[in-house]
Amino acid sequence: MPTPETPRGTRRLTIAEALREAVAEEMRRDESVFLIGEDIGIEGGFGGAFGVYLGLTDEFGHERIVDTPISEKAIAGAAVGAALMGFRPIADMQYSDFLFECMDELVNQAAKMRLMSGGRLSVPLVMRAPVGASVRGAQHGQSPESYFAHVPGLKVVCVSDAYHAKGLLKSAVRDDNPVLFFEHKLLYGTKGREQAGGLDLTAEVPEEEYLFPIGQAVVKRAGGDVTLVATHVSLYRCLAVADELSAAAGIECEVIDPLTLLPLDTETLWASVRKTGRLVIVHEDTLTGGWGAEVAARAADECLYALEAPIKRVAALDVPIPYAPVLEQAVVPSVERIETAVREVCA
Amino acid sequence: MPTPETPRGTRRLTIAEALREAVAEEMRRDESVFLIGEDIGIEGGFGGAFGVYLGLTDEFGHERIVDTPISEKAIAGAAVGAALMGFRPIADMQYSDFLFECMDELVNQAAKMRLMSGGRLSVPLVMRAPVGASVRGAQHGQSPESYFAHVPGLKVVCVSDAYHAKGLLKSAVRDDNPVLFFEHKLLYGTKGREQAGGLDLTAEVPEEEYLFPIGQAVVKRAGGDVTLVATHVSLYRCLAVADELSAAAGIECEVIDPLTLLPLDTETLWASVRKTGRLVIVHEDTLTGGWGAEVAARAADECLYALEAPIKRVAALDVPIPYAPVLEQAVVPSVERIETAVREVCA
Amino acid sequence: MRPERPQPTVLLELYRTMLLIRRFEERVYFLFLEGEIPGTLHQCQGQEAVATGVCDALEAGDWITSTHRPHGHALAKGVSPRAAMAELYGKETGCCRGRGGSMHLGDPDVGMLPAIAIVGGGNTVVTGLGLAFKLGRTGQVAACFFGEGATNEGAFHEGLNFAAVQQLPVVFVCENNLYGASTPWERVSLVPSVAARAGAYGVTAQVVDGMDVVAVRRAASTAVAAARAGQGPTLLECATYRFVGHSRSDARGYRSRVEEDEWRLRDPIVGLRHQLLEEGAADEAAFDAVGGEVDAVLDDAVEFARSSPDPDPAELLADAYA
Amino acid sequence: MRPERPQPTVLLELYRTMLLIRRFEERVYFLFLEGEIPGTLHQCQGQEAVATGVCDALEAGDWITSTHRPHGHALAKGVSPRAAMAELYGKETGCCRGRGGSMHLGDPDVGMLPAIAIVGGGNTVVTGLGLAFKLGRTGQVAACFFGEGATNEGAFHEGLNFAAVQQLPVVFVCENNLYGASTPWERVSLVPSVAARAGAYGVTAQVVDGMDVVAVRRAASTAVAAARAGQGPTLLECATYRFVGHSRSDARGYRSRVEEDEWRLRDPIVGLRHQLLEEGAADEAAFDAVGGEVDAVLDDAVEFARSSPDPDPAELLADAYA
Ligand SMILES: Cc1ncc(C[n+]2csc(CCOP(=O)(O)OP(=O)(O)O)c2C)c(N)n1
Ligand SMILES: Cc1ncc(C[n+]2csc(CCOP(=O)(O)OP(=O)(O)O)c2C)c(N)n1
Ligand SMILES: [Mg+2]
Ligand SMILES: [Mg+2]
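Residue numbers (our numbering), protein chains in the order written: chain W, 170 to 516; chain A, 170 to 516; chain E, 333 to 654; chain B, 333 to 654.
Source of the hints: derived by calculation from the structure; they are not laboratory data. Remember, it's a predicted structure, so these values are computed and weren't measured experimentally. Cβ atoms here follow ideal geometry from the backbone N, Cα and C, with glycine treated the same way. Some hints here could point you the wrong way.
To be verified - Simulated restraints on C-beta separations:
(1) H606/B to Q498/A: 41 to 51 angstroms
(2) E232/W to E358/E: 38 to 48 angstroms
(3) E212/A to H606/B: 31 to 41 angstroms
(4) E212/A to E358/B: 22 to 32 angstroms
(5) G224/W to E391/B: 32 to 42 angstroms
(6) A391/A to P641/E: 46 to 56 angstroms
(7) E471/A to E413/W: 19 to 29 angstroms
(8) A654/E to E513/W: 29 to 39 angstroms
(9) Q563/B to R197/W: 25 to 35 angstroms
(10) R197/W to E358/E: 40 to 50 angstroms
(11) G255/A to S525/E: 31 to 41 angstroms
(12) G419/A to E421/W: 43 to 53 angstroms
(13) G393/B to V388/W: 27 to 37 angstroms
To be verified - Below, a sample of chain A positions facing chain E; criterion: calculated Cβ distance under 10 angstroms:
(14) S201
(15) M254
(16) C271
(17) R289
(18) P293
Said to hold, decoys possible - Stretch by stretch, here's where chain A covers chain W in the computed footprint (C-beta under 8 angstroms, at least three residues):
(19) 281-291
(20) 469-483
Just chain W, with the same shape it has in the complex (with noise of 0.2 angstroms):
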C-alpha cells in the first residue's frame, strides 16, 4: 500500500523482492550489515528457503553472507555476538518454527544483554522468520510471533506487504535493538498466489529509498462500525470480509495492520475503537495467550467505556497445524470465521 508520500517512481514488487532490495541497499549503505543463516548464499542454491536473498552473493561474497551449519544456536547466538561488538547482522531463520531450537540465545541473550550491562552495550540484530500454515504440517506451519512479543528487550514486526516490509526492514537493521522480523510463507510472491487466495501478491514501492518506522500501525480501509485489527493473510481475509459486509449488510469495517506487534502502536488502535466502539482481532498464531489476546486486554483496561460490544478473537484453533488440507483451513481463521465474528459484534 504506497502512503501518500509515495513518490513518483515505482514498481510492482512482491514481498520476496523488497526484501531483496532492502538487505542489498542496507548492505551497500552500512558495511556493518551482514547475513547469517543455512543455505543462503550456496552457489547454485535457494537463496535461503524462499529465495529472498537469491543473487546476493554475487555483489556481497561468502564473507558478509555467512552459511552455516544447521545450528540455529550457533546462527543466534553468532548474531548476537556479532551486534554487540558494533555489528549488524540479518539472521535467517528458514521457517520460524525452528526458532524454538534458539529461543535461549533470542530471549536469554539478546533480549537481556542490554540490562545486564546496565545500557552499556546494545544488541541491533534482525532475525527474519517466515510463518503460516501451508501444508507442510505441524512442524512448518506455526505463526509462533506472540512468544516473541512477550519478551521485553525485543522487537517484533510482522510485514504483509511489499511496501511495507521493505521499509520495515530497512528500519529494523537501523534499529539497534534486537528485532524479530516475521513474513508469511504464503505472501512472498507468485508461488503463494493460489493458497493465499488468488491475491495480487505485489505491491508498489518507490524506486527511491525510504524507511517505514517500527511501532506505527496502518489503516488499511477505513470504516465507522468496527476495527479490526490483522496481519499476514488474516489481513487480507479481513479486507475481504470488509468488503463484503460493506455490500451485503452495510457493516462499514475499519482494518488496521499493526505491523509492529512490540511496541504496540495503541494510539491507531485505540483512535479507531474510540471511533467504532467495536473491536475484532484476527491472527493465525494461536488463540489462547496470542498477541490478539495482549490487544485485547490493553483495550478493556485502556478504551473499556468505548466499548459497545464483547472484543472478540478469531485466532487459529488451540490445536498444532494439522496437515490435511481440509483440516489445516478448518484452524486457520477463515473469512467465514472472521464475519461471524464480525457480525456478532456489530449485531
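Here the structure of chain W is known, so what remains is to put chains A, E and B with the ligands in place on it, guided by the hints.
Below, chains A, E and B with the ligands alone, put in the same frame as chain W:
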C-alpha cells in the same frame, strides 16, 4: 488451604516437603514413574536445585532417578520419548529460565506428538520448574509460565501452597498430557520465608492420599467488590491487600488462585467477575503478552457486560529482571501497586 | 573372514523393499506434480539401502525415529503402503489420520514414531525410547535416522552423549548423503566423516557403504545386537546419496551432474539386482514378479488413498489433548 | 626445549592478580554471610590460575565471555575491584550499574561481556565476537570461559563447530574442575578429557595444568597467537579445582575431603609463591607488599561499594531498549 473434605490427620508441610511426598507416593504406586534431571540424585548432592528430591535416591535408586549431564534438550527429549513409550517421567529444570534451552522438545515435540500421530500416541510427562525473582539476576529470575500457556497440547500448572502442590503434582503425573508445573522459589519453605515477606510457608496437608484436579481454580478469600486473580507470591500479596483494604476502605476483595493456567477454569473466574463487576489480574511474569492478557481478553469477550470498571493487570514491568534488590522490587508486582490498581477499579 | 551372506530369499526380500520404496517415491512425485498430493516432499530415491538394511536388522517390537525425509524409513519398518499413501493424501485412513502428513509419517503399530521434521529432533527423543526399554527391561532397541547435516545440531551432541553415559539400547543411523539441503558437508565440518565425532562420546562408530543393503544390514545387526545386549549405542554412518532434489522444488544447482552420475552408477537396487543375477540367486522372471507385485501394491495404495474420506474437522480439537 | 620462563616482574604481576582474586572472593563470601551482599554466589577460589593466565595472554582490546562463576575472569580481565564489588552490592556504580549482579559481571571498557549464567550460553555468543573481529579485520581475539559441565550442552557443540568451520579467532577455555554443581564429570561423560572432544570439530586441543599459571599463560599465548593469525580456534582444557562449594549453600557432600586436600596442596597461589622464592625472584617482603596492596585495594572497593548509591528504579524502564 485445606478444602472442606480435608480429613482428620493433617500435618503442616512446606511446598518442598509436599512435592517430595507426591513424587514418592506416585513412584511407589506406579513403576512407570521416574525422575530425570541435573543434580537430582547424586549422593551427597542437593536433591535438586531446591532440595525437593532429598533422600529419594535411598528408596528408589539410581535407575529410577536419572541424573543427567547438563543437557536440557536431552532431558526434555528423553522425557518425551519415554512418555511416548508409556512411562511417566517427572523431568526437572533447575530454574525455569533454562526451559528456553529445550523449547523445541517441549513446543514442537511434547505438545505436537499427539496430534501428529493422529491421536494414537500421548505424552504423559511432567516438567517441574521454579520461577520467580530472588536476587539472582536476569537469567535466574524469570516467571516464564505464559510462554507455555500459549502452547496447545500442553497443560500449565502454578502452585502456591503445599496442599495444592501435592494434589496437583499427583494429578499431573497421572495426566496423559505433558504438564508444565511451575513453583515459586520464595515459596518452597523456610529459606524463602524472609524474602517472601515473613509468610508462613507451610500448609495443612492430609496424611491420606488425595488428588487435586488440574483445571480447577480455588477461591482463597471471598468478597463482593472486586475479583483478584493471582498466582505464586503475587497471590499472597493480593491476600495482604485484601485484608488491608477490607479494614481500611471497606473494599471486599475476592481472591482467586487459578492454579491451572491452561486450561483455565473460567467458570470459577467468571462467577466471581459476574458478582463483583471488577477484575484485577496479578502475576510476576512480565505484563505484555503475559497470561493475564488471556484472562482479560476472555473476560472482555465472555463477560464484558458484567464489567463496571476497566480490567487492570499488575505484573512484572516489561524489562528483564534486574539484580539490585531495589530494582527487582520495583519490577515485581508489589503490595503497593496491587493496592493502587484495586483502589482504581473500585473508585 | 568374509561375513556370512544372507540367504537368497532374504536378499530378494531386501530387493523387494528397496524397490517398493523407489517406486513409491516415483509415484508420489508424479502424483504431487499432478496436484493430487498437497504440501511439499522430501524424497529418498538413492537412499533405499539404508532404511531397508537397518529396519531389516530390527525386530518388529523395536522402534525407529525418522526425519523430514521419512517415506523410505516408514515403508521399510512396515508402515503399509496404503496407510502411508493415504497420509500423503491427507486422508482419515492415513497412518496419522491425515494429521501428520509427509514429514510426520509414522505408525505406533509397527514401531515408528511420527517422523520428526525438526533437524536433529529425533536425536534427543530417541534417548527416551532407549530409557524406557532399559527401565522396562524389555529388550527392545530404538534406531534413530538422521542426516549428516543434523550432526551439527546441539541435539545430536546431547542425545548421543546421554545415550552413551546411560548405555541406552539405541542405534544412531546417519544417512550421510553429502548435502544438507544445498549445503555440502565439507562446508559445515572440518572433519571428513561423521563417524569421527563418535569418539567424543566414547561411542563406537562404523562407516558403511550405504549403497550396499547387505553391508548396511550386517553393520546394523551388529549394532542392534550390542544395544540389545546392554552395550550401549553405536553410531553408523552410511555413505549414500539422494538421486533427487532436497525437496520438490530443488533444481540441484549446488552439485554437479558428474557427481550425480557417478553416484547413480552405484544405485543400490541395480547393484543388488546384478549381484543376485550373478550369483544365480534370482533370474529376470523373479525380478519381474517382484516388480509386478510392487506395482500392484502401489496401484492399490493409490486407489485406497484416493477413495478414502477426508478427515472431519469437527474431530480436530479432540486431537490436541489425550 | 624448555619454554622460556616469564620475567620475574611478570610473574609477580600474575601472583598479584591471583591473590587479588582469592582475597576478593574471601571478602565477598564474608560480606555475603554478613548479609551485605544479596543474592547468591558462585566463587572461584582455587581456579585463579586459569583466569589469570588466559587473560594475561590477551591484549587489552581482546574480549572474554564468562559464566555463572565470573568474579575471577572479571578481575583478571581488568574490571576494577571497585566496579566489581559495587556490582555485587547492586549499586549504581557497579560495572553493570547494579542491573547485572554476581552472575553477570562484565565491563565493555575492558573487553568483557556481561557474564552469561546460562551454562554453555557464552559458547555460541562468543562466535559472534569472533565473526565481528574476522569481518572487521581488527586482529582482535575472543576467549570463552566455560566449565567441563558445559561441554555437554548443545551450545558447546554448535559454537565450537561453527568457530572451526569459519576459522574464527576464538580461544575456548574449559575450566575442568571435575564437577558440574554436584555432578562428577565421569558420570556425565564416557571420555576422560574434554580435550578429547575437540577432534570432532577438527580443532586443536591442549590439556593444561590449570593450577600452574605459567603453564596456562603459555598455552593461552600459543592459542591466542594462532587465533590472531587466522588459524582458527583452539580448545584449552585447564585441569583445576574449586576449593569452595558450587554456590554459597553447598556443603560439598558429593566429594571427599581427601580429594579436596590433595587439590589444596596444589594451590596455584602457594605454588607460584614457592617457585618465586626458590628462584630468588621475590622475597617475603615483596609478597607482603603485594598482599598489603591487594588488601588496600579491596578495603577501598568495599568502602566504595558500601557508600555508593542504589540504582534509581525510575530509570529502569530505559534499560530494556536502546
Ligand atoms: C532445526 C531445523 N533447522 C533447519 C531445518 C530445515 N531443513 C530441513 S531438511 C534440512 C537439511 C537436512 O540435512 P541432513 O540432516 O543432511 O538430511 P537430508 O535432508 O540430507 O536427508 C534443513 C536445513 C529443519 N527442518 N529443522
Ligand atoms: C542451561 C543451564 N543449565 C543448568 C544451569 C544450572 N547450573 C549452574 S552452574 C551449573 C554447573 C556448571 O558446571 P560447569 O560447567 O562444570 O561449571 P562450574 O560450575 O564447575 O564452574 C549448573 C548445572 C544453568 N545455569 N544453565
Ligand atoms: Mg544430508
Ligand atoms: Mg565444573
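Quick one: are G255/A and S525/E within 31 to 41 angstroms, going by C-beta? holds (37 angstroms)
Stated coverage of the segment 281-291 of chain W by chain A [criterion: 3+ residues, CB within 8 angstroms]: Satisfied; 3 residues make the cut.
Between the beta carbons of G393/B and V388/W, is the distance compatible with 27 to 37 angstroms? Violated, since G393/B and V388/W (Cβ atoms, about 50 angstroms apart) do not stay within the stated range.
Range hint 29 to 39 angstroms (beta carbons of A654/E and E513/W) holds or violated: With a Cβ separation near 32 angstroms, A654/E and E513/W satisfy 29 to 39 angstroms, so the hint holds.
Could you say whether the range 41 to 51 angstroms given as a hint is met by the Cβ separation of H606/B and Q498/A? holds (49 angstroms)
Is the shortest C-beta separation between C271/A and chain E less than 10 angstroms? This interface hint holds because 8 angstroms falls under the 10 angstroms limit.
Holds or violated: the 19 to 29 angstroms window for the beta-carbon distance between E471/A and E413/W? holds (27 angstroms)
For the pair E212/A and H606/B, does the Cβ-Cβ distance stay inside 31 to 41 angstroms? holds (36 angstroms)
Quick check on the hint: S201/A CB to chain E CB, less than 10 angstroms? holds (8 angstroms)
Check the following: the C-beta atoms of E232/W and E358/E are separated by a distance inside 38 to 48 angstroms. Distance hint for E232/W, E358/E holds at roughly 42 angstroms.
Using the beta carbons of G224/W and E391/B, state whether their distance is inside 32 to 42 angstroms or not. holds (40 angstroms)
For the hint 22 to 32 angstroms, verify it against the beta carbon of E212/A and that of E358/B. holds (29 angstroms)
Checked against the numbered hints given earlier, this structure breaks only hint 13.
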